[in-house]
Amino acid sequence: MEITIELLLVAAVLAILAEVTYLVVKLPRQALSRKQGRPILVDTSVLIDGRIIAVAQSGFITDTLVIPRSVIGELQFLADNADHDKRTRARHGLDVVTELQNIPHITIEILQDGSKASEGVDERLLTLAKKHSAAICTIDYNLNKVAVVEGITVLNVNELAQSLRMAYLPGERMLLELVQKGQEQHQAVGYLPDGTMVVVENSLKNIGQSIEVEFIRSLQTAAGRMMFAKPIEKPTQQKQPPKQRPAGKKPVVQTQIAEAPRVYHSDKNDHHLATRTGTNANQARNKKPQHRPYKQKQRTSSDRETSLIDLVDKQ
Numbered sequence: 001m002e003i004t005i006e007l008l009l010v011a012a013v014l015a016i017l018a019e020v021t022y023l024v025v026k027l028p029r030q031a032l033s034r035k036q037g038r039p040i041l042v043d044t045s046v047l048i049d050g051r052i053i054a055v056a057q058s059g060f061i062t063d064t065l066v067i068p069r070s071v072i073g074e075l076q077f078l079a080d081n082a083d084h085d086k087r088t089r090a091r092h093g094l095d096v097v098t099e100l101q102n103i104p105h106i107t108i109e110i111l112q113d114g115s116k117a118s119e120g121v122d123e124r125l126l127t128l129a130k131k132h133s134a135a136i137c138t139i140d141y142n143l144n145k146v147a148v149v150e151g152i153t154v155l156n157v158n159e160l161a162q163s164l165r166m167a168y169l170p171g172e173r174m175l176l177e178l179v180q181k182g183q184e185q186h187q188a189v190g191y192l193p194d195g196t197m198v199v200v201e202n203s204l205k206n207i208g209q210s211i212e213v214e215f216i217r218s219l220q221t222a223a224g225r226m227m228f229a230k231p232i233e234k235p236t237q238q239k240q241p242p243k244q245r246p247a248g249k250k251p252v253v254q255t256q257i258a259e260a261p262r263v264y265h266s267d268k269n270d271h272h273l274a275t276r277t278g279t280n281a282n283q284a285r286n287k288k289p290q291h292r293p294y295k296q297k298q299r300t301s302s303d304r305e306t307s308l309i310d311l312v313d314k315q
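Just so we're aligned, residue 1 is where the sequence shown starts under the numbering used here, counting upward by one.
Rather than coming from a laboratory, the hints here were simulated on the basis of the structure.
Treat the hints loosely; a few may be bogus.
EDC-like cross-link-like pairs, simulated, lysine to aspartate or glutamate; straight-line CA separation at most 16 Å [unchecked claim]:
| hint | residue 1 | residue 2 |
| --- | --- | --- |
| 1 | 205 | 184 |
| 2 | 131 | 150 |
| 3 | 205 | 177 |
| 4 | 234 | 214 |
| 5 | 230 | 177 |
| 6 | 145 | 159 |
| 7 | 116 | 80 |
| 8 | 130 | 150 |
| 9 | 130 | 113 |
| 10 | 230 | 172 |
Pair by pair, the computed Cβ-Cβ distance ranges are [said to hold, decoys possible]:
| hint | residue 1 | residue 2 | range |
| --- | --- | --- | --- |
| 11 | 226 | 131 | 45 to 51 Å |
| 12 | 230 | 60 | 33 to 39 Å |
| 13 | 150 | 7 | 56 to 62 Å |
Note that CB positions come from ideal geometry on N, CA and C, so glycine has one too.
Whole structure, please, built from the sequences with the hints as guidance.
See below:
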């Protein structure tokens, strides 16, 4: 009987020692894991967007991604009752949840907070973030602003994409210093302030100079980022040819032909001139002579007689 009691005491002591050993070994590890990061609450907008998969696969997310059940309920509601475009996007969001669960090095947890948030999903996320000291992963602009006001850490995928965006896009120009020869014989190489290599075509002669270039394309590889550009050729100033007169008729130089004055010797001549032109004698006398070259006519015998009669009458 006494042996049985002793065996029971030994077993109890061993059990206590085993439990103490477990607490000593296990509890510090849990506390350390708690210090390494905080849970990240995933918003509906991030699941519909889908870029969270690429971020998770890259290995930059080491914390636990927590998807509230209310977020999945909102996706289900949109997939059943919204229009065609929203249904398609909501179904894509549900597929994103499945893909995140299949990534081996990512821990996904479904938080059972209810399938429907009566106060709204955004308000539910803010409440859960305060309760569990968690961050919120979202691309919703308004939720981002409210969370920052409430003092909650926000992981915005749009801000991450903006920070990783190319500093210069195709079509933009800048002044670049060319420092070395490129791989091809006609290429020269320069570097952006962030260290990005820029290969400039047809610029071998400009090595050691700073020229204006225009970016034409970019290349993203596992080894880094590279951009290609072309030099901007400055237009050469051409001498303007002398102004030419517009083609047309040559200016006509009017030459005035001296015309011998026409002398009228008598009223009969006026009457005779008026009869030939169809005017009266006064009009014939005051009519300006036309600019025609004067041709002297040979005086006939009748003209001589008329001139003599006029001369006699005047005397």
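The hints, checked one at a time:
1. 205 to 184: Answer holds: residue 205 to residue 184 is near 13 Å, not above 16 Å.
2. 131 to 150: holds (13 Å)
3. 205 to 177: Distance of about 13 Å is within 16 Å: holds.
4. 234 to 214: holds (13 Å)
5. 230 to 177: holds (13 Å)
6. 145 to 159: Within the cut-off at roughly 13 Å; holds.
7. 116 to 80: holds (14 Å)
8. 130 to 150: holds (9 Å)
9. 130 to 113: With a Cα-Cα distance of about 14 Å, the restraint between residue 130 and residue 113 holds, given a limit of 16 Å.
10. 230 to 172: holds (11 Å)
11. 226 to 131: 45 to 51 Å: At roughly 47 Å between Cβ atoms, residue 131 and residue 226 fall inside 45 to 51 Å, so the hint holds.
12. 230 to 60: 33 to 39 Å: Check passed, 35 Å falls within 33 to 39 Å.
13. 150 to 7: 56 to 62 Å: holds (60 Å)
Comparing the model with each numbered hint stated earlier shows that all of them hold.
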